[in-house]
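Chemist: Residue 1 is where the sequence shown starts when you use the working numbering, and the numbers rise one by one after that.
In short, the hints are calculated from the structure, not lab data. Errors might be hidden in some of the hints.
Label-pair ranges, simulated between beta-carbon atoms [as the list claims (entries may be wrong)]: (1) Phe77 to Leu637: 47 to 55 Å; (2) Asp686 to Glu113: 20 to 28 Å; (3) Ile580 to Glu531: 16 to 24 Å; (4) Asp749 to Asp128: 50 to 58 Å; (5) Lys232 to Glu113: 23 to 31 Å; (6) Glu654 to Lys372: 58 to 66 Å; (7) Gly70 to Arg488: 53 to 61 Å; (8) Ser651 to Leu209: 34 to 42 Å; (9) Phe522 to Arg383: 33 to 41 Å; (10) Arg693 to Leu637: 25 to 33 Å; (11) Asp336 to Arg693: 27 to 35 Å; (12) Lys787 to Ser659: 54 to 62 Å.
Heads up, simulated DSSO-like pairs for lysine-lysine below, C-alpha to C-alpha not over 27 Å straight-line [stated by the list, open to error]: (13) Lys781 to Lys600; (14) Lys444 to Lys600; (15) Lys781 to Lys534; (16) Lys579 to Lys781; (17) Lys781 to Lys629.
Computed from a prediction, not measured in an experiment: that's the story for all the values here. Backbone N, C-alpha and C fix where the C-beta goes; we use that ideal spot for every residue, glycine too.
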Amino acid sequence: MAQVIQNEEGTEILPQTHIEKGISLYQMGKFEEALSEWDLAEKSLGTQEDNPVEFAKIDMLQGEVHRKLGQYQAGTFHFERALEWAKKAEDFTVATNALDRLGAMAFEMGEREKALDILREGVKLARDHEELSSLAGLLNSVGNVLTAMERNNEALGAYTESAGLAASSRNTDLELVALINSAKAAMQEGLMQNSEQRLDVAVERLEELPNSYTKVNALTTVGLQYNELYNKEQRTDQTFPNDHIPQSGSRAGRGVTVEPGTGPQVLEEILVIPEPEITLPKVHQKGISSTRSLRQRAYQSLEKARGLAHQLGDKKGEAFAVGQLGHLYEETQQYDAALTLTRQAIALSQGGMATGSLYRWHWQTGRIQKAKNDFDQASEAYRLAINVFQPIRQEVSVAYQARTEPFRENVGRMYFELADLLLSRTKSVTDNEQKALLLKEAQKTIEEFKAAELQDYFQDDCVQPSELLTQTLDASPNTAILYPILLRDRMELIVNYPSRLEQYTVKVGERALTQQARQFRFQLQEPVNQEYFKSAQQLYDWLVRPLEADLRAEGIQTMVFVPDGALRSIPIGALSDGKIFLIEKIAVATTPGLTLTDPKPLDRENIKVLSMGITESVQGFPPLPYVEKELEALKGLYGGKRFLNEEFVLSDIEQQLKSEDYNVVHIASHGLVENKVENTFVLAYDQKITMNRLAELVGLFRFRKAPLELLTLSACETAAGDDRAALGLAGIAIKAGARSALATLWFIDDAVASDLIKEFYLQLQDPTLSKAKALQYAQVKILENPKYRHPNYWSPFLLINNWL
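Turn these sequences into a full structure, and let the hints guide you.
Modeler: Quick look at the structure:
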């Protein structure tokens, strides 16, 4: 029975009133209030059986709000419920829209195959029931997923059909979106002329549209697409001529002048750039038109977007168009005009609450000031960009999940550009104290990125950095921390010695080093491959030889490696000076970041071990026959409880972890670390335990007196060449709340792994040895056997985080 809802005057309020009020609140960005109104609408509707379609429509609205807020679990619940009710009522318009939204959410979470399956289900349903408008939208969504998967030819087909259906349904907005998307897909497929033609058709359609926020967005997108097409046509070493867009000083048209150095301010009038007075050359060949024309059209579309946004009072749209115009001028090296426009984009973003893009314009300011050789202004702009970005990092990270470009290669560049600026500055500074401050800030900047990158991988803000640990080396006086920073034209090594901070510049760019590191990793995975030795020496020359003398002078016995990029996927202990391996000289540990590490010695008097493993072949994975001896040895050394084969089931392990205080958890079973955390798991006898689930279980120790000191995964592997998977491996200890983790980069011979693990735990009983030293001795013992000297057998074991 419906609940009668009345206002203060006692008048009954109809469900539709709540629905419409909720929609108005949603459009104003008042999401929580909108949800409350829709809850009231549901209460006044009666039972779902009586009004399934109305309930389905409200669920669609609620799901969209949760999606906007990044609350994907709640959003999924509402969209799935809407789908269920719509199917029961045979309302296939709502049903297909629900599938479109579910597919979009899966896409935004980076689950592309799942998204494609859901959307194709929607396409079939829409075709079967002739829901042509829904079909057009679903096909556009399918194209988006296929584009992200770099299946551009298939995407082009989906977009083309979507645009045609939208046109026949007179849905000009969707037709435009599909046309612009199809132009992007055509360009990615190398069909430049086809891409240009599609953009030209989109421009014609735009002329027919009434003025709206949607039109502003479309004009901006078309402008960006023209510019991307232009850039695609340029050779990488070609300098952009300055006459492709109008030469502009600091004054143009009506408006105000923003003098350099005045910083962001609210501007009352808009800067107008005059129409370019350029005679376009005739096209003398078939095919793509003049690239000058492409850039000209990019400018014109962005300028139209800016003007229309200003007319409509759309500050967010205006800010984005103006900022992108600034980027066009930046590309043509007209830095004064670029700076003026970019500062205006900042002011408009602040005035229009467009904080989502504000960091872009501070970042752009930094690049422009750097090009103008103004170090102080550039570094300040970069700092502002990072400070503005940090609070919205999660939101931006989710957006990048759905794109082909990794988070690191987009937003990450902002951090590395600031570090590059600071490290370049040290070369001209003679004061040692000032130089040390610059080095510390560069290191801190990359630390902030590393924390953000781990948060992006795990999609978890609980992975929190602390301040740079000043006590880190006090706790371990014979330790050095090697911190490589990979830049486009060089590598900078920052080394934290107990007595000082030192910088070494190595003339190898990121691309060459990445290629060498990946080659080394592939060579190591083949125990018969002897080609690894050249790579081992080359990487040693780049990473270790520059600091060799200082390591000896400081009496360094342990090196903590903070790898970046492709260096995460290689074991640094396997590098060689041409005679012996690095691990034979020095103990090695790895950490994803200094601010993510809490180095404290192991309390050996109170070690309590929970060990589990599988010897049998289960769930399609091969047997691990030596695991039983491995667990027996561990029990003989430390006691504790052991769970083998059918005893190793999730429910029993969960009970153990909830009821007992263990400080060492040892898992001798297959594990796989992939570039998406949801696909990362360790194998229990009855099921796969995802990394998130494992973190929940062992994370219980965070709130107890005895923290989890060590998590061992003795048979896991990461894909060769997958830097993001290696990031996941490096972050395992942090995600799980363990002080240290011992894990393998790749799966190795079961017998050798068992022997190495047993030796590690035996050495760990010595109170004078750190965990890093215990692992060093275990690895050296294995490699001293000529049969197992190849690094394939001993080097993949990494000690992660706390090395003490």
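Chemist: Name the hints, by number, that the structure is in violation of.
Modeler: Hints 7, 8, 11 and 12 contradicted; others consistent.
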